[in-house]
Each structure stands twice: as structure tokens, then as C-alpha cells.
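*Asks:* Here's the letter readout for the chains.
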Amino acid sequence: NAGVTQTPKFQVLKTGQSMTLQCAQDMNHEYMSWYRQDPGMGLRLIHYSVGAGITDQGEVPNGYNVSRSTTEDFPLRLLSAAPSQTSVYFCASSYSGRNTGELFFGEGSRLTVL
Amino acid sequence: DAKTTQPPSMDCAEGRAANLPCNHSTISGNEYVYWYRQIHSQGPQYIIHGLKNNETNEMASLIITEDRKSSTLILPHATLRDTAVYYCIVNSGGSNYKLTFGKGTLLTVNP
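Listed in order, the protein sequences are those of chains A and B.
Just so you know, we're using the numbering used here here: the first sequence kicks off at 20 and counts up by one.
Just so you know, we're using the numbering used here here: the second sequence kicks off at 56 and counts up by one.
Hints in this document: simulated from the structure, not taken from any laboratory.
Each hint should be verified, as a subset may be incorrect.
[To be verified] Taking lysine to any residue pairs in the SDA-like style, the calculated list, with each CA pair at most 25 angstroms apart, reads: (1) B:Lys-58 / A:Met-60; (2) A:Lys-28 / B:Ile-94; (3) B:Lys-58 / B:His-132.
Remember, it's a predicted structure, so these values are computed and weren't measured experimentally.
With the rest of the complex left out, here is chain B (with noise of 0.2 angstroms):
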């Protein structure tokens, strides 16, 4: 699976859209993005996925740049009850439950 990088903590006021970076310029062209987030050490919860195309849900939007080398999740209007861990996850086509889970993003939703 291709390495991630995301930075280790992000602000955002609460209301705001939240965006958050991820690079994985080793991506090859069967490897999906997953994002879940974490919040408060309680179990990860899932948040979206994509291959190529942009992809949105309830909970949020993701962004995959057209050579697919890094994406962006975005919270449309963040609270403060978003306020968690998210990890970007890059993952082959054959197994979606041996993730490789990095140190993720912090993200703080300020009043």
C-alpha cells in the first residue's frame, strides 16, 4: 500500500468547511482512499472512499487530484463534535479490512 502524509494538526473555526490534506504520491491505479476519523479514542468510525472520482456523502466530500498523487477531505460545516483524529488510508482493491493506519490529522473545530 502507498505511504500517506498528512500534517500532524489543523484548526477550524466551528461553521466553517474544513479541508484536510493528504499526499500519497506512490498511489498505483488499483489503490483506493479511504478517510475515517477518531474521535476521542473511541473506535474509528468510517467517513468516505474514492479511486478516481470525487466522491461525497453525508458527512463529507472528497477531493482526488486528476493524477490521484494527493486528495483533500473536506467537512462542508464543521462543529465542534468534529473535532477528532482523521486518517487518510491508501489501500489495495483486494482488502478493505487490512488497513495500515497512520499518525492521521488532528482537527480541532474552535468556537
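In isolation and in its complexed conformation, chain A is listed as follows (with noise of 0.2 angstroms):
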């Protein structure tokens, strides 16, 4: 297993440029979730999904879009991006929600937006 992929790992993008975080993976996870952290800080929480279809909001979910079509992938949206959105991005997954087990995290997309 791969576990939980993101694309890119590196990204410099200019102001106002619209692009998109990838993120998939093959564990057969309903529950997936983007968080973004900034030096020094800890891991907010953008958007999430309990299951294909289905997305809501998190702690900072302003200038990015999300949408669940399938179980495997998880895309996060930067519509237009602000200098605001640099930052490391993290993709994760879990098979329940329940406290039953774990988060598994991807290895982050860092974003510069000049």
C-alpha cells in the first residue's frame, strides 16, 4: 500500500493563480481531511469528508474548495490564490471515524503563493 499520496510536493504559485492539491489513497478510507500548517504553529483543519459525496467545512476552510467523487481521492481547491496560502498543506485518512484508530497523513504539499 502507498498509503496517503499528495501532488504536488512543491509548489510556487503567483497571486491569483487558481490550482489544485492533489490527494488519494488506496487504504479503503471513508473519513479524509485537509489541514494547513503554518511555521511554528500547530495543524488547523480546512475541509473534510465522511465518505464519497459528502464534505463540510473545518477551523479555516476560506479561499479553498473541496469535492469527494470517489473514495480513493480528496482535491483541495485554491480558487485564487493569496499570499495568505503559503503554507504546508496535509492530506490525511481514516478508516473510522470512531475513536477507534488512527489519522494516516500524507508527507505535506508546501505551497509558496508570491
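From these two lone chains plus the hints, build me the complex, please.
*Replies:* Structure follows, in C-alpha cells:
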């Protein structure tokens, strides 16, 4: 199993450009989420999904869109990038939403917006 | 979810036990204590979690006080590769996929 795979690992954007961060998992996990991490800070939840076709907002959703058309994929879209979105983005997945297991994280996507 | 308090940094000698404390005095009855760690900006890695009983796995032990207001993560024989930021998270019973990460404790294992 590859686990949780994020692409790209690094990206530089100009203000106003759009892009999609890809996240895929091959563990048949129902639950997936996106976090961002700014320097010296913990992770903050952006959006999450409890299954295909179902998404919801986390703590910091503004400026980001998500969709979940398949169990495996959970892309994060930036429609008009801003310098405040410079951050490291982590995707995570979980088999069970209950407190019976762990979150599996990807290796992160490092985004710089100029 | 209850708020947690962790020291910002700790040091430990290689081969010794590392004891990382966490205060969660406002924890409620259905909230679990989770520990994750993050090595050098990699994705966070799950370590262990528990509700009220002490727990042990191949990575660590989790000791939760009887009143559940604090806990300690124990790495029994710390190695240089255990240098990381350790996050203590208190989470309600409904959703392990919506965790709230604070700033954690930077554990530095010294040779």
C-alpha cells in the first residue's frame, strides 16, 4: 500500500492563480481531511469528508474548495491564490471516524504564493 | 474538545526514558487523549491513544491520571530518531478525523 499520496510536493504560485492539490489514498478509508500548517504552528483543519459525495468545512475553509467524487480521492482547490495561503498542506485519512483508530497523513505539499 | 497544555520543549539523553507531560484539566468523560508526533515537517504520525486506562504499544506508553486531568507519554528508550514535535490532543468520541493540533512539545534527544 502507498498510504496517503499528495501531489505536488512543492508549488510556487503567483497571486490570483488557481491550482489543485491532489490527495489519494489506497486504504479504502471513508474519512479524509485537509490541514494546513504555518511556521511554528500546529495543524488547522480546512475541510473534511465522511464519505464519497459528502464534505464539510473545518476551522479555516475560506479560499478553499473540495469535492469527494470517489472514496480514494480528495482534491483541495485554491481558486484565487493569496500570499496568506502560503503554507504546508497535509491530507489525512481514517478508516473509522470513531476513536478506534488513527489518522494517516501524507507527506505534505509545500505551497508558496508570491 | 478540551484544551491541552504542553511544555514547548524538552531534552532527553539517548537511551533514557522520555516522559512528555500534558495537562487537560477540562477533559470530559467521553473525550479521548491522542498523541501524535511530527518529525522534521513530515506528516504527523500516530503514536497512541486512550480513554481512561493506561495503554502501551510498540512505540510508547500512555499514562492517564485517575482524574483524567493530565497524562504522560513515555518513550522507554529514546533514540536520536525520536527527536520530533509531540502533540497531545483531546478529542471527543465522535470524530477522530477532526483533530485539533496545538503547538506541541519539541523533544530533542541528545547523544
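*Asks:* If a hint holds in the structure, say so; if it does not, say that too.
*Replies:* Results for each hint:
1. B:Lys-58 / A:Met-60: It holds: about 15 angstroms lies between the C-alpha atoms, which stays within 25 angstroms.
2. A:Lys-28 / B:Ile-94: holds (17 angstroms)
3. B:Lys-58 / B:His-132: violated (29 angstroms)
Going through the hint list in order, the structure does not satisfy hint 3, though it satisfies all others.
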